[in-house]
Amino acid sequence: MKKLFFIILFLFSFVQADAAFDKALSSELRAEVYAQNLLDGGYEKEADEFLVKALDSYPENVTLLMFRGTALFNLKDLESAKKYFMMVLEKDSTNEQASEFIGLIEGQEEAKENKAVSSLIEYLSDKGLDFVMIFLAFLGGEIIARKYNTCTTHETMSAIRKFLQRQELSKSFTSRITFSLQQCCFSRAMFSFCSLLEILVTLTIVFALLIVWLMVEFLFEITVFLDESLNTLTSDAIWSHSVGLFLWLGVITLVLRFLMKMTEYNNKEEKYVIELSEHIEKLYTNQSYGRFYDALDYLSDKDYQFLKDFIHSDDVQETIEKYFHKT
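Read in order, the letters of the sequence shown are residues -19 to -1, 1 to 308 in mature numbering (1 follows the signal peptide of the UniProt record, and there is no 0).
No lab work stands behind these hints, which were simulated from the structure alone.
The reader is advised that the hints may include incorrect statements.
[What the hints assert, rightly or not] Label pairs and their calculated CB-CB ranges:
#	residue 1	residue 2	range
1	Trp220	Val43	33 to 41 Å
2	Leu184	Ile158	34 to 42 Å
3	Thr266	Thr183	30 to 38 Å
4	Glu87	Leu181	41 to 49 Å
5	Arg11	Asp58	22 to 30 Å
6	Ser156	Thr183	18 to 26 Å
7	Gln146	Tyr274	21 to 29 Å
8	Leu56	Lys242	32 to 40 Å
9	Glu250	Leu184	17 to 25 Å
10	Asp217	Glu41	31 to 39 Å
11	Glu60	Asp21	21 to 29 Å
12	Glu60	Asp37	41 to 49 Å
13	Asn55	Glu77	16 to 24 Å
14	Asp295	Leu181	37 to 45 Å
[To be verified] Here are the simulated BS3-like pairs of lysine-lysine, each with C-alpha atoms no more than 25 Å apart in a straight line:
#	residue 1	residue 2
15	Lys34	Lys64
16	Lys283	Lys152
17	Lys152	Lys263
18	Lys34	Lys72
These numbers come from a predicted model, not from an experiment.
Here a beta-carbon is modelled for each residue, glycine too, at the ideal position from N, C-alpha and C.
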């Protein structure tokens, strides 16, 4: 019974409130007074709900537009509030209260945007150097891996492929580009540890360049590549700018590393013969016999006839000849 009483009381209050709304909407003056009373009483949400209906009935009423903007401002919906204050100024350009509210909103927006820029600058100053050190660590890892023959197999296969396709490579620049693309995109070696290391190094190069670029931009306030002032940049604008920079720097880095690869190729067949001869001799001298014989598995006695004139060690020549003439 008690529960039923509260339900009836709630429905009665709802009907009464709806009736009060209808009565207040009977004229513009009553609507203004009712909205003013709600705002003065701190009932911003109720005032906003009422003003939605009031503006449906009286869309040109400047006072009601002003009240709606005020209610939204108090509800922290600054973007919508600014829209209503702008509508007030369109109808009454001398309305100082609307101008003051717009100034307050723009001040808060600017403070929020400046905070985003300040946070980025603080982060770059604090973490930027750390990431550069990570980049140097990856780069050092690649150098160490090559120095201690971890990536020798990758280099050996590259030298063998260049030797076997030396005629094609020496024909034209286009053929060398095609070969490079095949090596980068369609080679089994692209799934090796050394290829993964190269990818990580490339990514860290791009990230390091991005951090340095952003530090220069924001610390020295260089806005050559920005569409707006640093003071008005939002978090979304900073994110979009950073992603765009990362993509551009990624493309540039890949192109430069590809061009560096291209410098390994030559228009003379003899260059590829000498390179493989020296590499095989080095494997034997360093006692990397497993890789030495793996390399010979890809070659034939006919291939060796091209190589032997450039192999200076008699032991290496004798070992290779025994390998190809074994019964």
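Evaluated hints:
Between Trp220 and Val43 the beta carbon distance is about 39 Å. The supplied range of 33 to 41 Å therefore holds. Look at Leu184 against Ile158: about 24 Å separates their beta carbons, and that is not inside 34 to 42 Å. Between Thr266 and Thr183 the beta carbon distance is about 32 Å. The supplied range of 30 to 38 Å therefore holds. The given range of 41 to 49 Å is respected by Glu87 and Leu181, whose C-beta atoms sit roughly 45 Å from each other.
Against the hinted window of 22 to 30 Å, the Cβ-Cβ separation of Arg11 and Asp58 comes to about 26 Å, which satisfies the hint. Ser156 and Thr183 have their C-beta atoms about 25 Å apart, which keeps the hinted 18 to 26 Å range intact. About 22 Å separates the C-beta atoms of Gln146 and Tyr274, a value consistent with the hinted range of 21 to 29 Å. At about 60 Å, the beta-carbon gap between Leu56 and Lys242 misses the expected band of 32 to 40 Å.
With their beta carbons about 36 Å apart, Glu250 and Leu184 fall outside the hinted range of 17 to 25 Å. Checked against the given bound of 31 to 39 Å, the beta carbons of Asp217 and Glu41, roughly 35 Å apart, stay inside it. Checked against the given bound of 21 to 29 Å, the beta carbons of Glu60 and Asp21, roughly 25 Å apart, stay inside it. The beta-carbon spacing between Glu60 and Asp37, approximately 21 Å, falls outside the hinted interval of 41 to 49 Å.
The beta-carbon spacing between Asn55 and Glu77, approximately 19 Å, falls within the hinted interval of 16 to 24 Å. With their beta carbons about 42 Å apart, Asp295 and Leu181 fall inside the hinted range of 37 to 45 Å. Between the alpha carbons of Lys34 and Lys64 the distance comes to roughly 18 Å, so the proposed pair stays at or under 25 Å and holds. Distance restraint check for Lys283 and Lys152: the Cα-Cα separation of roughly 22 Å lies within the 25 Å cut-off, and the hinted pair is therefore satisfied.
For the hint pairing Lys152 with Lys263, the CA-to-CA distance comes to about 28 Å; that exceeds 25 Å, so the pair is violated. Between Lys34 and Lys72 the alpha-carbon distance is near 20 Å, which keeps this suggested pair within the 25 Å criterion.
The structure shown violates the earlier hints numbered 2, 8, 9, 12 and 17.
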